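J.: Given next are the chains, with one letter for each unit.
Protein chains: 2
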Amino acid sequence: MVQKSKKPPSAAKIAAPVAPKRRGRPRAYEPDVALGKALDLFRRDGFAATSLDDLSAATGMNRPSLYGAFGDKRELYIKSYQRYRDDARAAMADIFRSDAPLRERLERIYRIALDIYLSGESGPRGCFTVMTAASEAVSDPDIRNMVVEGLTELDKAFGICFRHAKERGELPEGADPASLAHLASATIHTIAIRARARVPRRELEAIVKGALDVMCAAK
Amino acid sequence: MVQKSKKPPSAAKIAAPVAPKRRGRPRAYEPDVALGKALDLFRRDGFAATSLDDLSAATGMNRPSLYGAFGDKRELYIKSYQRYRDDARAAMADIFRSDAPLRERLERIYRIALDIYLSGESGPRGCFTVMTAASEAVSDPDIRNMVVEGLTELDKAFGICFRHAKERGELPEGADPASLAHLASATIHTIAIRARARVPRRELEAIVKGALDVMCAAK
DNA sequence: GGAATTTAGTGCGAAATGGTACAAAAAAGT
DNA sequence: ACTTTTTTGTACCATTTCGCACTAAATTCC
Numbered sequence: 001m002v003q004k005s006k007k008p009p010s011a012a013k014i015a016a017p018v019a020p021k022r023r024g025r026p027r028a029y030e031p032d033v034a035l036g037k038a039l040d041l042f043r044r045d046g047f048a049a050t051s052l053d054d055l056s057a058a059t060g061m062n063r064p065s066l067y068g069a070f071g072d073k074r075e076l077y078i079k080s081y082q083r084y085r086d087d088a089r090a091a092m093a094d095i096f097r098s099d100a101p102l103r104e105r106l107e108r109i110y111r112i113a114l115d116i117y118l119s120g121e122s123g124p125r126g127c128f129t130v131m132t133a134a135s136e137a138v139s140d141p142d143i144r145n146m147v148v149e150g151l152t153e154l155d156k157a158f159g160i161c162f163r164h165a166k167e168r169g170e171l172p173e174g175a176d177p178a179s180l181a182h183l184a185s186a187t188i189h190t191i192a193i194r195a196r197a198r199v200p201r202r203e204l205e206a207i208v209k210g211a212l213d214v215m216c217a218a219k
Numbered sequence: 001m002v003q004k005s006k007k008p009p010s011a012a013k014i015a016a017p018v019a020p021k022r023r024g025r026p027r028a029y030e031p032d033v034a035l036g037k038a039l040d041l042f043r044r045d046g047f048a049a050t051s052l053d054d055l056s057a058a059t060g061m062n063r064p065s066l067y068g069a070f071g072d073k074r075e076l077y078i079k080s081y082q083r084y085r086d087d088a089r090a091a092m093a094d095i096f097r098s099d100a101p102l103r104e105r106l107e108r109i110y111r112i113a114l115d116i117y118l119s120g121e122s123g124p125r126g127c128f129t130v131m132t133a134a135s136e137a138v139s140d141p142d143i144r145n146m147v148v149e150g151l152t153e154l155d156k157a158f159g160i161c162f163r164h165a166k167e168r169g170e171l172p173e174g175a176d177p178a179s180l181a182h183l184a185s186a187t188i189h190t191i192a193i194r195a196r197a198r199v200p201r202r203e204l205e206a207i208v209k210g211a212l213d214v215m216c217a218a219k
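The listed protein sequences derive, respectively, from chains A and B. Each residue of the first sequence is one higher than the one before, starting from 1 at the first, in our numbering. Each residue of the second sequence is one higher than the one before, starting from 1 at the first, in our numbering.
A couple of the hints might just be wrong.
A pair holds if it fits inside one copy or across any two, identical chains being indistinguishable in the list.
Lysine-lysine pairs mimicking BS3-like chemistry, simulated, CA-CA at most 30 Å apart [unchecked claim]:
(1) 37 - 21
(2) 156 - 209
(3) 21 - 79
(4) 166 - 209
Keep in mind the hints are simulated off the structure, nothing from the lab. Just so it is clear, the structure is predicted and the values come from calculations on it, not from any experiment.
Produce the complete structure using the sequences and hints provided.
T.: What follows is the structure in structure tokens.
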């Protein structure tokens with residue numbers, strides 16, 4: 001009975017390309033793709049170095065429209081970050097939920113991570129959580145909380161992975177899932193950083209392989 | 001005649017607090033402390049969000065003096081980064097060179113790292129190499145090269161550590177020093193990032209302990 | 001004491017920045 | 001046809017930003 005009549009958030013993708021007949025002048029942009037463009041810019045240059053003019057040019061929206069649709073620059077940044085998190089979570093959710101052996105699951109997670117971090121026409125983008133931690137997180141409490149959330153979410157996902165693996169006997173008795181999860185996150189962070197320094201994919205994959213050898217206790 | 005009469009670069013620290021009787025009006029600032037202040041600002045806010053006015057206020061130098069002493073903003077940033085690297089290297093060099101057991105050496109390294117990352121009156125500062133990778137490194141080749149240098153320098157130092165430990169029998173036969181070194185660097189990176197998200201020192205120390213348990217193969 | 005030299009400090013200027021007011025435009029409702 | 005609603009697009013404003021002339025000050029050399 002408590003049906004939310006605003007707008008169907010998840011059904012929008014498939015079920016609502018039918019125009020809902022809004023009242024006034026129609027938008028000249030698609031909010032989703034515009035937010036994607038903004039995200040890409042923020043990921044490349046960071047908050048401070050990205051101007052509203054840049055954002056306006058990239059999204060095709062003029063500044064007043066930008067402001068009306070997403071709020072001021074900071075709000076747009078926050079929405080971009082949420083979008084980033086949603087995308088990343090969606091890309092990894094299936095793998096984290098799967099029942100494949102530990103090593104295979106981790107390999108697939110890191111493959112996706114590298115895809116994300118190395119994408120971008122004008123150079124690799126790295127991890128937006130790491131970028132935000134490195135910039136706005138110290139001074140902006142709200143943004144900082146989102147970053148902490150992003151970090152712990154990954155820790156937890158890895159933690160479940162390792163705990164599950166241990167239960168299935170894939171890890172030695174003494175293995176501590178929490179510590180291994182932090183190491184797995186640390187490996188994510190180090191490849192994200194190195195990706196932005198334009199370290200080639202091959203090297204990053206080698207780092208991942210070495211980390212997996214240790215974490216999965218391959219002898 | 002080929003005598004370089006400019007200024008003695010390395011002897012300056014100890015041997016030359018005696019005024020060398022420079023020619024014109026004396027400086028109203030000490031370049032070293034000014035650079036330190038600039039570094040602190042850059043570490044807090046990053047390149048783009050730090051204005052010349054901020055730098056001028058923090059160093060006590062007016063803009064033309066700043067410009068004359070260090071060049072433009074980018075050059076000042078580069079010099080600040082070099083200073084950061086020099087300081088960090090100096091703080092860790094003894095430990096890396098020491099003959100203490102692996103675990104003890106690593107513990108001391110991470111203690112110093114946390115001291116560096118958590119210092120700063122207005123909040124933790126994190127690692128400047130990580131911050132720079134997360135911002136300027138993609139677009140500025142010179143800065144990127146310095147970042148890569150910083151990353152590999154740490155990898156190598158850790159690598160020597162682990163190789164040495166393996167030779168002394170502190171590590172199992174199958175251990176791969178290079179992989180362990182990357183994991184050690186990754187742990188540095190992850191605590192640097194979390195520090196900026198204001199994760200308390202206790203938690204960071206716990207992460208380090210867990211990582212050491214794995215890396216040192218404590219059973 | 002005066003010339004030479006080096007730095008400090010004021011202040012300017014051109015460009016960029018974040019944000020908004022306001023009118024024109026494009027659609028639906030009546 | 002007219003009103004209402006929503007968005008667009010131009011134009012503008014106040015502020016900030018970077019960089020640099022240019023003058024005043026402080027010191028050494030002769």
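J.: Hints first: check each against the structure and report whether it holds.
T.: Each hint tested on the structure:
{"no.": "1", "hint": "37 - 21", "result": "within (26 Å within a copy, 58 Å between copies)"}
{"no.": "2", "hint": "156 - 209", "result": "both (21 Å within a copy, 18 Å between copies)"}
{"no.": "3", "hint": "21 - 79", "result": "within (26 Å within a copy, 58 Å between copies)"}
{"no.": "4", "hint": "166 - 209", "result": "both (20 Å within a copy, 20 Å between copies)"}
Hint violations for this structure: none, all hints satisfied.
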